[in-house]
Amino acid sequence: DQQVKQNSPSLSVQEGRISILNCDYTNSMFDYFLWYKKYPAEGPTFLISISSIKDKNEDGRFTVFLNKSAKHLSLHIVPSQPGDSAVYFCAARGTSGTYKYIFGTGTRLKVLA
Amino acid sequence: SQTIHQWPATLVQPVGSPLSLECTVEGTSNPNLYWYRQAAGRGLQLLFYSVGIGQISSEVPQNLSASRPQDRQFILSSKKLLLSDSGFYLCAWSRQGEQPQHFGDGTRLSIL
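Quick mapping for you: the protein sequence lines, in order, are chains A and B.
Under the working numbering, the residues of the first sequence are numbered 1 to 113, in order.
Under the working numbering, the residues of the second sequence are numbered 114 to 225, in order.
Mixed in with the good hints there might be a few duds.
[To be verified] Where chain A lies over chain B, by a calculated footprint (3+ residues, C-beta under 8 Å):
#, region
1, 150-164
2, 215-222
[As the list claims (entries may be wrong)] DSS-like cross-link-like pairs, simulated, lysine-lysine; straight-line CA separation at most 30 Å:
#, chain 1, residue 1, chain 2, residue 2
3, B, K192, A, K100
4, A, K68, A, K56
5, A, K110, A, K54
6, A, K100, B, K193
7, A, K100, A, K71
8, A, K5, A, K110
Simulated from the structure, these hints should not be mistaken for laboratory data.
Since we're looking at a predicted model, the values are computed, not measured.
Quick reminder that beta carbons are idealized off the backbone N, C-alpha and C, glycines included.
Full structure from sequences and hints, please.
Written as structure tokens, this is what we have:
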């Protein structure tokens with residue numbers, strides 16, 4: 001049973017526009033969420049995180065939104081750049097104090113020049 | 114700054130052969146260490162994690178094992194590889210608490 005779901009396997013966006021990547025989770029006990037970016041043949045790189053006590057966290061062009069009632073989080077990239085083309089994973093951590101992070105299956109973002 | 118090294122980058126092994134993948138972290142002490150596997154078209158699956166030397170927790174039953182002989186060294190092993198062990202193996206580290214994990218560049222393992 002997939003507890004963290006990224007239902008869109010791919011997304012194409014024009015350069016300069018907004019990219020919105022979505023992630024849904026099923027476990028209301030998740031308290032910490034992260035987004036990673038992955039280029040081919042490399043390990044994932046941490047992008048941004050959000051604690052369950054917040055509903056928004058911003059870092060430069062990247063903003064993560066958390067809707068706990070809907071068990072949904074999203075990553076907004078504004079403006080999108082060709083270098084943002086990569087696979088994006090969302091991840092959630094179980095109850096506080098555990099070390100287990102559950103990852104989604106990823107969304108491949110392609111930013112068109 | 115902290116760095117994580119993982120090798121080899123690619124590995125081709127016959128079925129039934131042993132495996133040893135090594136991961137080391139520099140620039141930090143007492144890190145939490147993790148081994149993940151990414152099978153084709155799937156997310157990252159946590160295999161093992163360690164909060165200290167000799168302390169290993171296994172997340173899924175399998176024919177793989179992990180060891181942490183030193184504070185910043187994490188080893189993934191198998192005595193006999195199966196075809197289903199093919200995949201992309203990633204080592205990661207993190208500090209305690211609400212900290213993100215930082216990944217190595219992975220090992221692409223192909224079993225023939």
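The hints, checked one at a time:
| no. | hint | result |
| --- | --- | --- |
| 1 | 150-164 | holds (count 8) |
| 2 | 215-222 | holds (count 6) |
| 3 | K192/B <-> K100/A | holds (26 Å) |
| 4 | K68/A <-> K56/A | holds (11 Å) |
| 5 | K110/A <-> K54/A | holds (29 Å) |
| 6 | K100/A <-> K193/B | holds (27 Å) |
| 7 | K100/A <-> K71/A | holds (18 Å) |
| 8 | K5/A <-> K110/A | holds (20 Å) |
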